[in-house]
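*Asks:* Residues per chain, in single letters:
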Amino acid sequence: MNRFSGVDYLDLDPFLDDEERLIRDTVRAFVDDKIKPIIEECHREGTFPLQVVPELAQLNLFGASIDDYGLPGLKGTAYGLIMQELERGDSGLRSMVSVQSSLVMYPIYTFGSQEQKDRWIPALASGEAIGCFGLTEPDFGSNPGGMRTTARRDGNEWVLNGAKQWITNGTLSAVAVVWAKTEDGIRGFLVENGTPGFTSSDQHGKFSLRASVTSELGFQDCRIPVNNILPKTEGLKNALMCLNQARYGIAWGGLGAAMECYHTALEYAKERLQFGGQPIASHQLVQDKLVWMVTEISKGQLLALQLARLKDEGRLRHFHVSMGKRNNVWVARECAKLAREILGANGIVDDYPVIRHMLNIESVYTYEGTHDIHGLVIGERVTGIPAYNPPAAKAAARQDAVVDPVSNRR
Amino acid sequence: MKIGVCIKQVPDTEARLRPSASGQWIDEEEIPFAINEGDEYAIEEAISIAEQTGGEVVVVTVGPERAREALRKALAVGAHRAVHLADEAYAGGDCWATARALAAVANRESFDLILTGSQSADVGFGTTGTLLASMLGWPHAWLVVGLEVADGSAKVTREMEAGKNELLQIGLPAVVEVQAGINKPRYASLKGIMQAKRKEVAELSPADLELDPSQVGAAGSRLEFLSVSVPPKGEGAQILEGDTAEVATQLVDKLRTEARVL
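So the sequence lines, in the order shown, correspond to chains A and G.
For the record, in the first sequence the residue sitting at position 176 is 176 according to my numbering, with numbers rising by one throughout.
Going from the second sequence to my numbering is simple: count from 1 and add 410.
Since the hints were made in silico from the structure, they are not lab data.
Hints are supplied without guarantee of correctness; some may be wrong.
The list that follows gives simulated cross-link-like pairs (lysine-lysine, DSSO-like), each with its CA atoms no further than 27 Å apart [to be verified]:
#, chain 1, residue 1, chain 2, residue 2
1, G, 594, A, 34
2, G, 594, G, 412
3, G, 601, A, 117
4, A, 270, A, 36
5, G, 643, A, 270
6, A, 34, G, 601
Can you make the complete structure from the sequences, with help from the hints?
*Replies:* This is the structure we're talking about:
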């Protein structure tokens, strides 16, 4: 199998600057050298490769967008290209870095006190500390505003009660960014591992993101110092700001998974001989699948690059990000299926990365805002009518403002 | 200690090469380029020596505009500044003409040590470093897999045949040509990549190096590529199929009955 050298049908490379290309190529080489040789084993065993954390830190991949504490302060495209290359390795690996950077370091840096920043940003950047983000609960996924976790002020302490689920990095974490309801609305808190009343345990039986740690967090009269509140958080919108950062990365990450599947299928199709020694790449039906993949990946790249431009200009809105996350993860999901078809029986074994990506992408399709909820975000943007809550949609329908159901499925 | 590292940007080893229209070189359109692998070890060695001794690493290349990317990468990994001989006059040079240009840079910079790879992955003559040392009148070691620098001299371990190594002590300044096994090149960090933008890349013309354009590039070369071609497929080549045990059995059988060498 030839080494991955990128998917660049539209000759986009010259539009990247030298640093962006070098950053991408560095992370690409790291993934090829250090991740690909071990990732299938991690997937089989259901373990996160903790041994690569110091190397990820040495590359400055944690908190790479932060321009402070000696961190690189990367612009949108460079950050996106990192996510693309990491997810080309594995969605679980990208998830770990996404959570550390966008969901832990970003909120501490953006909403934290000076003391919180000084304590945690260097520790998280160096990989000495891993962090997690607790928003989703067993009964509240797409509707986080309904959360039941509470934080009650008691003298010099906050008392947390509740449970969080589907938490990436949970049991690995030294610190959890936890969102809880207070008398003044939803606020963010820092809960350190080892705090009495705070428990975490891994979720088992996953068929997806097996190389990533997914946990449940429990809070039972968990008392944390009053200073552990993130002082600049005002409500759910702050949690959604974090997710916007992470989802932006996923719009790029999805392309990475799609590229790996496409590359694998293309190389396979050129080498697999059938029907009198002809490569299956000579078959029209196989070409059609490859053409679909490279076309959708190319369109996804344009979408991601535009999100990057908007981000760098400070004009990126959540509904832009929704289109990027929704489309590009869907492209990855479809590419994984088509690549699996091209690989035939070989597509179902982990000698090839395709089935692993196919399984992983089912999680990515659903977490960080499901495909369908992002569809509703876009729907609200174009119609002005929020349809998340069916009765509201019914009311709107009565006013003859019905949205045409648009399916972007093939 | 001031260390010069001579690097070359070569076609990526994964690139699919085709002869160019003239037939005298390969078609460079649409192929990826990378730092020559041997030179990656030279960069790493120089940076780690500089880290230990507090020296400066200057990376030097002869090559067109695209070669700047190779210099940027070396700077991102930790080299302090770069010299780029990009002038049209340097183009098409053989080892001799290239060594002459590099020698002029070495004289101008007064390096204490020059590191480079033992050979390039494209033409693979393995002579540029040797010529450079001889033009400078410096000692020289080739195929080096170990290097220790102390007090004006260097202990070098050279790889010999049959798994044996040779340990030499040579005086500095010297040209040391390294190869795989001497170290593990590090990855550039993102911070390193961002800092590389602000590091100096000096473009020097032949005049800057007090050389006549006729001494460098194609004009100063003693060797000319007449043609390059894809090797013809060997007649009678057979590809054995099956698992390792089956293939081994078939191979022994063929060596015995067809080739009659066993």
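*Asks:* Does the structure keep residue 34 (chain A) and residue 601 (chain G) at a Cα separation of 27 Å or less?
*Replies:* Distance of about 20 Å is within 27 Å: holds.
*Asks:* Take the C-alpha atoms of residue 270 (chain A) and residue 36 (chain A), compute the straight-line distance between them, and say whether it is at most 27 Å.
*Replies:* Given that 27 Å is the threshold and the Cα spacing comes to 22 Å, the pair holds.
*Asks:* Holds or violated: residue 594 (chain G) and residue 34 (chain A), Cα atoms, limit 27 Å.
*Replies:* Holds, because 13 Å separates the two Cα atoms, which is no more than 27 Å.
*Asks:* Taken at face value, is the distance from the CA of residue 117 (chain A) to the CA of residue 601 (chain G) at most 27 Å?
*Replies:* Holds - the C-alpha atoms of residue 117 (chain A) and residue 601 (chain G) are around 20 Å apart, at most 27 Å.
*Asks:* Below or equal to 27 Å on CA atoms is what counts here, so check residue 643 (chain G) against residue 270 (chain A).
*Replies:* Judged against 27 Å, a Cα distance of about 20 Å means the pair holds.
*Asks:* Given the hint that residue 594 (chain G) pairs with residue 412 (chain G), test it: the Cα-Cα distance must not exceed 27 Å.
*Replies:* 22 Å, holds
Violation of the numbered hints given earlier is absent; every hint is satisfied by the structure.
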